[in-house]
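Visitor: Single-letter residue listing:
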Amino acid sequence: MSSEPIERRVSYISDRLRGSRCPICNRRYFKPRNYCPQCGRKSMGKMEEIDFFYSKGILEACTIVNNATNRFKVLQPYIFGIAVIDDEIKVPVRVTDQPLKEEFKPEDFEGREIVFRFRRRYSVGTADIIPTTSLAVTFADEYYPHITYKIREPEEYSDKPGIVGYALYTSRFRIRERGMERAVPYLDEDSITAAVEAGKLALIQAALSGEKIGKVMVGTESNPYAVKPIASKVAQVLNLGENLADGVRGIDAVDTEFACKAATSMFKDAAALAKYMDEQGKDYFGMVIGTDNSQAAPRWEPGGELDYFVGYGAAAFIIGNRDVIAELEGWYSVTSDTPDFWRRDGQKYPLHGGRFTGEPAYFKHILKAARRLMDKMKLKPKDIDYFVPHQPNAKFPLRAARRLGFKDEQCLPALKVLNFGNLYSGSSPAGLVAVLDIAKPYEKILLTSFGSGAGSDAYLFTVTPRIVEKRRRTEKFNVKWQTNNPHLIYVSYEEYRRMKEGI
Amino acid sequence: MTNTIIIGVGRTSFGEHFHKDPEELIEEAGLKALQAAGIERKDLDAVVISDHFLQVTNKIGLEEGFISELLELNIPMETSRSFSSALNQACNAIEAGRYSIVLVGGVEKMTDRLDKIRDNLMMLADSWSYYSGGTPEALHEIMLREYAKKHEIKGEEFERLMETLAYISHKNHEFGAKNPHAQFYRRRVKVEDIIKRRRGGLLGIYDFAPISDGATAAVIVNEEKAKEIANLGLEVKGRASCTDHISYFTRDEMAGFKATRISMEKALKEAEIRREEISLIELYDQSTVMEMVALEDLKLTEPGTAWKIIHQSMEEKTYTYRFGNHEIYVNTNGGLKADGNPLGATGGAQLYETYIQLLEKAGERQISIEKENPYALTLEHEGFGTKSYVYIYGRWMI
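Protein sequence lines correspond, in order, to chains A and B. The first sequence begins at 1 in this note's numbering and counts up one residue at a time. The second sequence begins at 1 in this note's numbering and counts up one residue at a time.
Simulated from the structure, these hints should not be mistaken for lab results. For clarity, every value in this text was computed on a predicted model and none was experimentally measured. We put the beta carbon where it would ideally sit given N, CA and C, even for glycine. Please note that a few of the clues may not be correct.
DEER-style ranges, computed between Cβ atoms [what the hints assert, rightly or not]:
#1 R112/A - S127/B: 22 to 32 Å
#2 G304/B - Q76/A: 31 to 41 Å
#3 I117/B - R112/A: 32 to 42 Å
All chains should be modelled from the sequences, with the hints used to inform the complete structure.
Guide: In structure tokens:
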């Protein structure tokens, strides 16, 4: 059993790497302090809240842990060391995403730049609170580079609300099977950690202070909790909403669930809020994240077919009414009660309806939603530059695109299932991120998601000239980098299953 | 202010005592100490007992009550975490004139919870190191890296340093093999085997002290009482303790222990002796790295040079360390490495060894002390250099 008060205090500090700065001597500390030990009583009550969440550090000294304490056994062997931030603050860290196969030489790792990553802390019982930390690090010269977070004030008013910032996060690990690559979570990753990583990157790209976000919505079907939102974790770790002290933020946060359309459903809600606030003359930004580490039964179990397609990752979007990079022109949603894919409460793995998932589910909903939206907007497929469908596999999306009258070239740039696998709630959103990475100003994008159960959301976006500057900020970790990356690690099916089971 | 004299010591063997409760261990050590001192339990004014983990390992939360029941005494009793800390309390009380005879004891029963003990050991470090996957051993290895970096020891030289550390373990096992109380009694370990057991990591199992059960005790009296009861004893000439941050990573210095340096200076000053007068040191070799850095923290040699001195004695196979013309025996009981490391009792084993060696009661294991007024030193830590206790002892005779 975990202690909830301890868990709250520890994760509050270590998820964000919170600390204090003494305004008198400027000295900074990891861990908040009520006074500065150098300046004594005169600093009491004057300490400033700071954090090292976006910092980079240097791994000063390290060792390999082959015989971990009980809760870290699943992660071993791993590197443990001391990292220095700005030549000043030292923190103990665990290097993650680093399977060690060769002989360990500390010199190979010491002196290298590290980035703090948000991860699960260690193993606990299946009924316990999941402990998290950002004292997990990876090397900046490998898969995940350090990107500076520079906040700017929102400038340009936008007539139509739309996307203000976006990001895709996928892990460093891939499994290659049947001509497809799929992202595999490391042992300490899950849908919560991916949501935070994607949200962090979206804020960096938007150059927006987290305080400006008014609502965060996280769509997922693989929350490790049956009851307890991911959105609250995202809001806390990313410092979203205004700071009301005592660790409380002035923000609305909610998780949504509708299989793979849980996130896309909320785009219009965020946009509607932005429009409403606009009419009151106020800036407004909402964050929508689609994150999934969807369960898949091992190959030999019922429903094990899903294990050929399931990926891991999250896509995050900031939707608002200032500095918009893709305006939301219109939308159309459809729903029917179709049992094509489901997971009963308490069941570890989902089941699906086999052939029933195709025509009566995926195609029917996607085609209806996309057609209705095009009719509504008085557009033909040739007027649209990119079609971004839900992508559970490589065949369905292209077939849907053709039936709608799109050429393959209009759909292929969005097709990322062959690189990352099915990202479920992040599936069509990842396709949208891939298109936004390459789209030119004034190009039109039609996104159509699909969620089993079943329904589709169709959206039409028009790219604005602002996109060019903004996407440059996160180009070090854009979709292309995550796809063609020299630091990707390919794992076997056995390793994949072990990582998927996690700590 | 009176002098404090140790007039009797007792201990159990260290190792795994499957069949004994912690009370039985402390009983054995206590009775032996009382017998050695030639006093009765009713003579005692007070008892101070130390343990780190009995609450966790054996769910014993009020140790004093057990001691009261064992001794059938209703005198003042206190607990402490380490033997040196308990001894400190006893010395303070005796010097202040409050008590004249105090029994100090230490006990630990770590093997009863072998599955959890390494997690529990992390309680002696800061919680952030634990949350980041640190282990009791990892901090020693980080210190080794900090040491190597500070003194720019790389490549082949680093290999030699690693070999030197293996020699420390070998030397302590040579001593421990002759000590019938030691956990590794009659078990010698070759340098190459120590290196072989480092597979895949920096240090290996033979670089670290084992997990142990055991108990130790000593009878501490003022000089007046000593004169009544005994004609020979060990006098506390100087003592000091010092505390540093629980978080290793926030300390000023990482290639050694500041706490030891400060304690050593204070203890030497109090004893009014020079380092060169010390013939025997029982230091806290929880790892081979700790033995190496201790020699520098005690300022027997300059920072960055201890390993060279050890390497030299390794080549000469002397099992003593030579600092210029000054030769010192270190950890003749086998140290924590070979004698064992039942935390709360460990300092008592250091005192036990100092007592029998300085008073020439060590039998076959007796080291040759040529000095007329020989001195010995013990260094004990709590945690990873968080607390440092230095004691300097001399012979006391009527």
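Visitor: Each of the hints needs a verdict: does it hold here or not?
Guide: Results of checking the hints against the structure:
About 26 Å separates the C-beta atoms of R112/A and S127/B, a value consistent with the hinted range of 22 to 32 Å. At roughly 32 Å, the beta-carbon separation of G304/B and Q76/A lies within the given 31 to 41 Å, and the hint holds. Separation of I117/B from R112/A is about 34 Å and conforms to the stated range, judged on CB atoms against 32 to 42 Å.
In the structure shown, no violation is registered for any of the earlier numbered hints.
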